[in-house]
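Novice: Sequence:
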Amino acid sequence: MNRREFLAGAAGTSAVALTSTTATAQEDGEGSDPRQGSGTEDDPYVVNMYTESSEYYFDPVGLHIEPGDTVQWVNASGDHSATSYTTDNPSASVRRVPEGAASFNSGTLTEDGATYTHTFETEGTYDYYCIPHKTLGMVARLVVGEPGGPATEGSIPDSVGSGVVPDSETIVEEQALSYPFIPNTGAGSLPGLAVGALALFGLGNAYMLSEYDVLSGRYKNSDDTQTGLE
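Take any residue in the sequence shown, count from 1 to its spot, add 57: that is its number in my numbering.
Everything labelled a hint here was simulated from the structure, so no lab data went into it.
Even glycine gets a Cβ: it sits at the ideal position worked out from N, Cα and C.
Warning: the hint list may mix true and false statements.
Label-pair ranges, simulated between beta-carbon atoms [stated by the list, open to error]:
id	residue 1	residue 2	range
1	T176	S110	32 to 40 Å
2	T167	T209	29 to 37 Å
3	E168	E230	33 to 41 Å
Generate coordinates for the entire structure from the input sequences, incorporating the hints supplied.
Specialist: Structure representation (structure tokens):
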């Protein structure tokens, strides 16, 4: 293998990685309505509540609905609640739902498959949590119509288990966001950028190693750059 062949192979591998990253980013923006349900009382939007190993989470972690829509929380595994950040609820010291909006609290559901439903009438942004796992990052956000209210000011008072709580505008745009939510930087998702950076790093290393090989004489007999050929 000569130096030109070596570099061509390395470039091809990096190009495949970069192309794969781009394709994944494009696919992320395609598809139909990601929400489960239609928001009616008979077919409410669904948010699942999970315990998986050391992770406790709502999925989707961000959901957009319209005034009058109904949401149903399903206890998929573990013991969980769906509880609004309102001072009349346990463990909530601040209000992070719109003024005039009704608070909600399912209480802790202990049976797999148990459900709780709530119909949202007041427009704005709602932050909520799980009573048993609030301090472990089980928090989420719901936007009814247009964003607004205390939840749009400052950050949610509890950290999320993984990722971050989506901002209201992103929730409205995407309709539903799965857990964990990793923000898009504008140039691609963070995992996608990491893959792209790794590909470029590999290509750079390949070039540096090939330069070293030329100087060491490894390609002395086969490298066309040593014979003056183009």
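Novice: If you test the structure against every hint from before, which numbers come out violated?
Specialist: Of the numbered hints given earlier, the structure breaks none, since each of them holds.
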